[in-house]
Amino acid sequence: MPVDEGLLHAWLDGQLGPEDAARVEALVASDDAWAAAAAEARGLLAASSRILGALDDTPSARHAVAVPRMTARGLGGVGLGGRRIAPWWRAAAGLVLAVGLGAVVWESRQGEWGDPQVPPATEAARVGDSVPPPSIVPAPGSPTTATSAVTEAAVPPAADRALEARIAARRVAEQTVDTRASAEAMAKVTPPIAEQQAVAQRAAPPTAPPVADFGGRGVAGGTVAGVSGGRGVAPAAALALTAAPSAREQCVAPIDSMGVIDTTQRARLTSLESRADSTVRAEWVERAGRAVLEGRLIGDTLRGAVRISAGDIRLPMQPRVLLRVPCG
Amino acid sequence: MDETERLFRTYHEGLVRYLTRRLGDRDWADEVAQEVFLRALRAGPTSNERSWLYAVATNLVRDQARTESRRRRHLELLAAEAREARAPAADEAQLRAEARAQARVALEVLGERDREALLMREEGLDYTEIAAALSISVGSVGTTLARARRRLVEAHEELVARGGTRHAG
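Residue numbers (my numbering), protein chains in the order written: chain Y, 15 to 342; chain C, 3 to 171.
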């Protein structure tokens, strides 16, 4: 009987039933070819395990990629390769990005994330020419929160962002007429967004935490509050932090670590707390249980560990993004 | 210990090791494992949880492997490992780096299915679970593993003989 290498490996792996195992054992004991093949297969098993074991000491690739980027941004305007980025260019890039992201937000709100409770004119005002002035509200005692908006590998390449911003800017230009008309029509019944925010901020507690408004990846219904290019924030981090009108009135939609938004996971934010050490604690309800994320706001991302309260297991979570969307 | 905790304690370590070996990036592996467990928590009980977890992990890896940025990171890691390996092996860390780079390149020589089957088997999945995770017949798992092991060892030996990490395919 010719040697069946697959059968031999199954035998050595203990995956054969009693009868088949006995048959192979008899062949190995009585047939030289089978005996030799079995010896070779044992060697292959041991060697492959040893080879694969070397992979367990695998380093982080993120560090190798992220460090130059972090260093460049940390130097405040020095690009990769040591080129100095002019402040006007950073501001312009931030403006383009903010407008683009606003357009993306606007478009996405027309789709699956659309909230019937929010009048279109209100949204138009957010995206259109009624965008309120830049507002950066860092966590108490953490003036460097925004400037530390250094994104790591999860951030798309700059070229991609620029391209997205250009596309989005064109879209918002196409929509300007419609949105302006809608805004004017609705202004009679809806207070301007700036006024709404002012009222909300007055109502918010003094320690109202920063919330990352997410404008990227073409989803979410948060507001794009302004541009921060003139405040030492890298253009890539132009997603502004705003004071949440009230944390309990917000919902979060966590996106998974791969940047894919799970639309089934629009979860209610039950707690959002900014701490003096510039960390943020967010708590929301998922289908699986209560989730708590404690971490630092880096750009649009709240990075930290998520703990699912079911069993109180601390999953070694990586980047999560909280999307501020109206509860609905 | 509730179901969630049991699931995590039982499979997390092995799954991260599987993914680390598969991806060559521990952070990436952690991220994928995280996503796998979240999906498991949301999906609820399954009949064969281990093969379910590994199938989800494998599919996530396949999906993400198509993403350019991820691929770039991966290639950068490979390049970094290759650079490490080319340097004189003056100490233990460098020797480990060289062994890792050679193992990585040898593993990349395998076909995708062979590679996944081998890595799953190394994590203790039985043939039925591997077959379920990869959507192949149980009867073909032994042949798949035999081919994968042989190819891995041969590629590795070739690399060692060359003393480098050039592609052994």
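Be careful, since some hints might not be right.
As the list claims (entries may be wrong) - Partner residues aside, some chain Y positions facing chain C, computed with beta carbon under 10 Å:
#, residue
1, M15
2, P16
3, Q29
4, A61
Source of the hints: derived by calculation from the structure; they are not laboratory data.
This structure is a prediction, so every number in the text was calculated from the model and none was measured.
Cβ coordinates follow ideal geometry from the N, Cα and C atoms, glycine included.
Okay, the hints, checked on the actual structure:
Residue-level restraint check for M15/Y is violated (minimum Cβ-Cβ distance to chain C is 16 Å; threshold 10 Å). Checking P16/Y against chain C by beta carbon gives a least distance of about 14 Å; that is not within 10 Å, so the hint is violated. Checking Q29/Y against chain C: minimum C-beta separation of about 4 Å stays under 10 Å; hint holds. Proximity of A61/Y to chain C holds as hinted, the smallest CB-CB distance being about 5 Å (cut-off 10 Å).
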